[in-house]
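Participant: Full structure from sequences and hints, please.
Number of protein chains: 2
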Amino acid sequence: MSKEITARSEDYSKWYNDLVLKGGLADYSAVRGCMVIKPYGFALWEAMRDVLDRKFKETGHQNAYFPLFIPKSFLSKEADHIEGFAKECAVVTHYRLKNDPNGGGVVVDPEAKLEEELIVRPTSETIIWNTYKDWIQSYRDLPLLINQWANVVRWEMRTRLFLRTAEFLWQEGHTAHATADEAIAETRQMLEVYADFAENYMAVPVVKGVKSPSERFAGAVDTYCIEALMQDGKALQAGTSHFLGQNFAKAFDVQFSNKENKLDYVWATSWGVSTRLIGGLIMVHSDDQGLVLPPKIAPIQVVIVPIYKGADQKAGLDEKVMEIVKTLRSAGISVKYDDNDNNRPGWKFAEYEMKGVPVRIAVGARDLENQVVEVARRDTKEKMTLPLEGLAGNIQNLLDQIQQNLYDKAKQYRDSHITRVDTWEEFEKVLDEKGGFVSAHWDGTAETEEQIKDRTKATIRCIPLNNPQEEGKCILTGKPSKERVLFARAY
Amino acid sequence: MSKEITARSEDYSKWYNDLVLKGGLADYSAVRGCMVIKPYGFALWEAMRDVLDRKFKETGHQNAYFPLFIPKSFLSKEADHIEGFAKECAVVTHYRLKNDPNGGGVVVDPEAKLEEELIVRPTSETIIWNTYKDWIQSYRDLPLLINQWANVVRWEMRTRLFLRTAEFLWQEGHTAHATADEAIAETRQMLEVYADFAENYMAVPVVKGVKSPSERFAGAVDTYCIEALMQDGKALQAGTSHFLGQNFAKAFDVQFSNKENKLDYVWATSWGVSTRLIGGLIMVHSDDQGLVLPPKIAPIQVVIVPIYKGADQKAGLDEKVMEIVKTLRSAGISVKYDDNDNNRPGWKFAEYEMKGVPVRIAVGARDLENQVVEVARRDTKEKMTLPLEGLAGNIQNLLDQIQQNLYDKAKQYRDSHITRVDTWEEFEKVLDEKGGFVSAHWDGTAETEEQIKDRTKATIRCIPLNNPQEEGKCILTGKPSKERVLFARAY
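If you're matching them up, the sequences are chains A and B in order.
Quick note: the first sequence uses UniProt numbering, first residue 1, plus one each step.
Quick note: the second sequence uses UniProt numbering, first residue 1, plus one each step.
Nothing false has been slipped in among the hints.
Which copy is meant is left open, so a pair is good if it fits within one copy or across any two.
Subject to a maximum C-alpha distance of 25 angstroms in a straight line, what follows is the list of computed DSS-like cross-link-like pairs (lysine-lysine):
1) Lys-259 - Lys-348
2) Lys-383 - Lys-409
3) Lys-55 - Lys-336
4) Lys-113 - Lys-98
5) Lys-57 - Lys-336
6) Lys-296 - Lys-55
7) Lys-57 - Lys-296
8) Lys-87 - Lys-113
9) Lys-87 - Lys-250
10) Lys-55 - Lys-411
11) Lys-457 - Lys-482
12) Lys-348 - Lys-14
13) Lys-98 - Lys-77
14) Lys-348 - Lys-57
15) Lys-87 - Lys-98
16) Lys-98 - Lys-250
17) Lys-259 - Lys-314
18) Lys-133 - Lys-250
19) Lys-309 - Lys-259
20) Lys-326 - Lys-57
21) Lys-326 - Lys-55
22) Lys-22 - Lys-133
Derived by calculation from the structure, the hints in this document are not laboratory data.
Facilitator: Laid out in C-alpha cells, this is it:
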C-alpha cells in the first residue's frame with residue numbers, strides 16, 4: 001500500500017481515512033458498517049481503556065457484564081427510549097441454520113424461530129434496570145455503581161471508521177441512587193472524569209455542557225456532554241453523562257425502602273465513551289505526514305532506529321541499544337527497538353512518523369562513540385542531539401513537553417474558533433467561512449433549533465456549564481433569550 | 001436471600017448453583033441461557049484475564065478486534081466448520097423495528113430484511129481468515145500472532161451458569177505461520193501457557209493431551225486440550241489449542257509467497273479459554289461453607305473485620321487498621337477493610353467465608369494493645385494469632401501456603417482418581433462408583449468411541465501427551481490397541 005497521505009487541504013475526509021488505514025489503526029470488514037480494529041489501533045484503545053478504568057475504580061465503580069441480547073419488549077418499556085433506538089438495531093429472529101433441502105446451501109431453519117425477537121444491545125439501560133429490580137430492595141443496597149466494557153450495535157446507514165460504525169466498543173456506566181441530588185452529583189462527577197481524561201491524557205480540550213432537550217439521550221432527564229473541535233472546524237461529541245431521573249426505575253418497577261421505611265423509585269444515571277474517541281483523537285492532532293499521538297496514551301512512546309552498514313556493525317549497536325532500551329523502560333517509558341533488517345532507516349522514519357510515535361531516536365556507531373543519540377519529536381519535527389548520560393530523564397521531559405504542546409496547540413485552535421455572533425447573517429457566514437463553535441442566542445424552542453439545523457446543518461452542541469446569563473435576541477426569530485448556546489456543524 | 005448452602009453430598013448441582021448465586025459471582029438474566037456476571041465474579045474474570053493477557057503478550061501476541069457478525073456464507077466455506085457450528089447460532093435477519101400499524105406494539109419491520117443473514121459469532125476463524133487474506137502476502141508478513149477478547153454466542157439448549165451459557169466471554173487466539181512445524185509449535189506453546197495458568201494461578205492440576213478425531217474442533221487437524229477433574233469425579237475441558245493445518249487458508253484463499261518466491265497456503269492455529277474456567281475453579285476448590293479462591297487470582301486476598309462496641313471504640317480501631325491496610329497494600333496484597341456498621345462481625349465472617357476470601361483478619365482493641373491480630377485461613381479454617389510486627393511478610397507467606405495447599409489437595413484428589421482398568425466390567429464399575437479419569441485401551445475407531453459414550457456417557461477426554469506406548473486390548477471390542485486413553489464423564 002502506498003504510504004502517501006492525502007493532504008488535509010485537498011480532501012479532509014480522505015486524509016482521515018488514509019490515517020486510519022495507513023497508520024494501521026483499523027480496516028474495513030466484510031460486514032457492512034463493521035470495522036476491524038488492528039493491533040496498533042487496539043493497543044491505543046487499551047491504553048485509553050486502562051486510564052478510564054482506573055478512574056472509574058478510583059471513584060468507587062465496579063465492572064460487571066450484562067447480556068448482549070435484549071428482549072424486544074424491554075426496549076418498549078421506556079417510551080422515549082424505544083423511539084430513539086428501535087430504528088437502528090440488529091434483530092435476532094432465529095437460533096439455527098440447516099442444510100437447504102433444495103440444495104441451496106445453508107439456510108435459516110424456519111422451525112427455529114424465537115418466540116420473542118432479541119435485539120443486539122444498542123445500549124443496556126433496559127436489560128440492566130430489569131436486573132437491578134432484583135438487586136435493590138433497601139437504601140442499604142444503594143448507591144449501586146456499576147460499569148460495563150462491551151460491544152454495542154446501532155444499524156447506522158452511513159458509517160465512517162471509528163466515528164460511526166454499526167458495531168463499536170464502549171463502556172457504559174449505570175448507577176442507582178437513593179436521591180435525585182446524589183444521582184445528579186454522580187452525573188456531574190463522571191462528566192468531570194471524562195473531561196479530565198480528554199484534556200490531560202488525550203490532550204483534547206473540551207467544552208463541558210448540557211444538551212438541549214432535542215439532543216438528549218432517549219430516556220434521559222438531562223444529558224451532559226463534552227464537546228471537542230476538529231481541525232476542519234466541525235465539533236465532535238466526545239462523551240456523555242445522563243441523569244435519567246426515575247424514568248427507568250418506573251419502567252422496570254425498581255423501588256426501594258428508604259431510611260424512613262417508605263417505598264420510592266430509584267434514581268439513575270448512565271454515562272459512556274466509545275471507540276469514537278479514537279476518531280476525535282486522530283482529527284485533533286494529526287498532520288499531513290500521519291498520525292500524531294499524545295505520549296500519555298501512545299502505544300509506543302519512543303522508537304529506536306539503528307543506523308548501520310552490515311551485520312557486524314549492527315551486532316555492535318544491538319548490545320548498546322539494548323542498554324538504552326532497558327534504561328528507558330526502567331523509567332516507565334514504552335520503547336520499541338526496530339532492528340528489522342528488511343527495511344532501511346528512511347523507510348522506518350516515514351513509518352513511525354505515519355504511526356505518530358511521539359519520539360524517534362536514531363543511533364549510529366559514531367553517535368555511540370560520542371556518547372550521544374539523535375532525537376526527533378513527532379509534533380514539531382524538531383531534531384536534537386542528546387547525551388546518553390541522563391537520557392531517560394531528558395526523554396521523559398521531552399514526552400511531557402510534547403503532551404503539553406499538543407494540548408496547547410489544540411486549545412489555541414479551539415479558543416480561536418469560538419465566535420460570538422448576534423445576527424443570522426453573521427451566523428451563516430461564520431459557519432461557512434470559519435467553522436468552529438458559534439456562540440449565539442436562541443429562543444429556547446425545539447422548532448427554532450430544527451429550523452436552524454435544516455438551514456445550516458448546525459446543531460446546538462451544548463449549553464456550557466456555568467454559562468453567563470445575558471439578555472439577547474434569538475439569531476433566527478429575534479425572540480428574547482437569556483443566554484448564549486454553542487452551535488456547530490458536527491460529526 | 002438465605003446464606004445456607006446445599007451440601008455437596010446432598011445435591012452437587014444445587015451446591016454449585018448456590019455458590020455462584022450466593023457467592024455473588026453471577027445471576028440469571030431475562031434472556032434465555034444468558035447470565036449476568038456480577039461485580040465479584042467479573043473481578044475474578046479480570047484477575048484471570050490480566051494474567052493470561054500478560055502471558056500472551058510475553059509470547060509475542062497482540063490484541064485486535066474483529067466484527068461480532070459473520071456473514072452466513074462465510075460459515076459454509078470450511079466444510080467441517082459449518083457442521084460444527086450451524087446448529088447452535090443466533091441469526092440476525094432484520095435491522096429495524098417499527099410501530100405495529102395494527103397497534104400491536106413494536107414489531108420487526110419486514111422491509112428491513114437483510115440480503116444475507118448475519119450470524120452472531122460462535123467463534124471467529126471465518127471472519128478473521130477472510131481478513132487475513134488482505135494482510136498476508138509474503139513470508140515477511142508471518143508469523144501473524146493475534147488474540148481477541150470477545151463475547152461469543154452458541155445457542156445451547158441446556159445451560160448452566162458459567163459452565164454452559166448461550167453467550168460467554170472468552171479469548172480466541174488466531175495465528176498464521178509459514179510452515180506446519182511453526183504452527184504446531186505455536187499450538188503446543190499455547191497449550192503450555194494454558195496449563196501453566198491453570199496449575200500455577202488457578203491451582204487446578206490438568207492433564208495435557210490431544211483429542212480423538214471425534215472430539216476435535218470443527219475444522220481442526222488436531223485439537224490439544226487441558227482437562228481438569230471436578231470434586232464429583234467429572235472432567236472439565238479447561239482450554240483448547242487447535243492446529244488448523246491449511247484448512248482455513250484454503251477456504252479463504254490465503255496464500256503467501258515464501259522465501260523461494262513460491263505461493264503456498266498459510267498454516268493456522270487457534271486457541272481459547274472462556275468464562276467456563278470460573279465454573280471449573282469453583283468446583284475444584286470450594287466446600288460446603290462456600291467458595292474457596294486461590295490467592296493468586298482472588299479479587300480480595302485479605303479481608304479485615306473490626307471487632308468493637310460503639311462508635312468511640314470503632315474510631316480508635318479505624319486509624320490503626322488503616323495503617324495495617326497500608327502496610328499490606330504496599331506489599332502488593334489486595335485488602336478490603338469491611339467497617340460497615342450495618343452488619344455484625346459474625347455475619348461478616350460467614351459472608352467472606354462464602355465469598356472464598358483466602359485470609360480473614362479480625363482486629364479488636366485488646367489485640368492492638370497486645371500488638372497482634374487474629375488471622376483465619378479459608379482453606380483449612382485454621383486460626384492463628386500473628387504479631388503486627390512483620391505482618392505483611394507473614395501474610396504473604398500464608399497466601400503462598402494457601403495457594404500451594406489448594407493445588408496439592410486438588411492434585412492428590414485428581415491423582416487418586418485416575419484408574420487403570422482392563423475390562424468392560426471394571427470400566428463401568430469405576431465410572432459408576434468412583435468417577436474420575438479411567439485409563440483404558442481403545443481400538444481407535446469412532447464407532448467404538450460412540451458406543452462407549454452411548455452406554456456409559458463417558459467420552460475420551462484426551463490422549464495424554466507423551467503417552468507411554470503399551471500393547472493391550474480395547475475394553476469394549478477386544479481389538480488390539482497400542483496405548484491407553486483417558487475416559488471420563490464430563491461437563
